[in-house]
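Enquirer: Chain by chain, the residues:
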Amino acid sequence: GQQLNQSPQSMFIQEGEDVSMNCTSSSIFNTWLWYKQDPGEGPVLLIALYKAGELTSNGRLTAQFGITRKDSFLNISASIPSDVGIYFCAGGGYGGSQGNLIFGKGTKLSVKP
Amino acid sequence: DAGVIQSPRHEVTEMGQEVTLRCKPISGHDYLFWYRQTMMRGLELLIYFNNNVPIDDSGMPEDRFSAKMPNASFSTLKIQPSEPRDSAVYFCASNEGGVKLFFGEGSRLTVL
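Here the protein sequences line up with chains W and E, keeping their order. All residue numbers for the first sequence refer to our numbering, where the first residue is 1 and numbers rise by one. All residue numbers for the second sequence refer to our numbering, where the first residue is 1001 and numbers rise by one.
Rather than coming from a laboratory, the hints here were simulated on the basis of the structure. Every residue, glycine too, gets a C-beta built ideally from N, C-alpha and C.
Distance condition first, Cα-Cα at most 35 Å in a straight line; then the derived DSBU-like pairs of lysine-lysine:
(1) K108/W <-> K1100/E
(2) K70/W <-> K1024/E
(3) K1100/E <-> K1078/E
(4) K1024/E <-> K51/W
A partial selection of chain W residues facing chain E, derived with a Cβ cut-off under 10 Å:
(5) L4
(6) G40
(7) L101
Please construct the entire structure, taking both the sequences and the accompanying hints into account.
Expert: Below is the structure:
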């Protein structure tokens, strides 16, 4: 089956630092999404990307849809303690089906005040 | 606005018992998804419905798992009989179509 390789698995950073994480696949996706999951909660959508090369921001978050359509990047600038959580990438729209997403294993972010 | 509502939030049961997880999607959403999350395998799609009809159940692990959606506002995921390896967090999600999913808070299942 299709798989997404998300890295790094975990990050420990100081408050104020910038964060970068990425997701790669051997398959092409028509859509890339980034979710954040807080402990005991469900994933919440942060950013959705629909076109190869697209660069989209949501506050301090910026994500890009790779030109090859096989990868995506998420950057968080000037991290704050509430950024702590697990960040998931997800690929969608493969095989003509939009609703079922393939998720990466997540990047666990810890922010030290 | 109410989000996706799941119950129970936590369930602890013994091997062999029947487990029923419930989901109420966001009103007006005609797609409903059941995902399972484990440390080893991450988030996996089990099944999804469109207008109450199951569209793709290829992710359902085996015959012990079944899902129904009797109406637009309610779905169940049933495991019978349950096994320890079924322990996971089960998420329900819904949307109006497209790729943006809205997840519930999940049901954490522990099978002893």
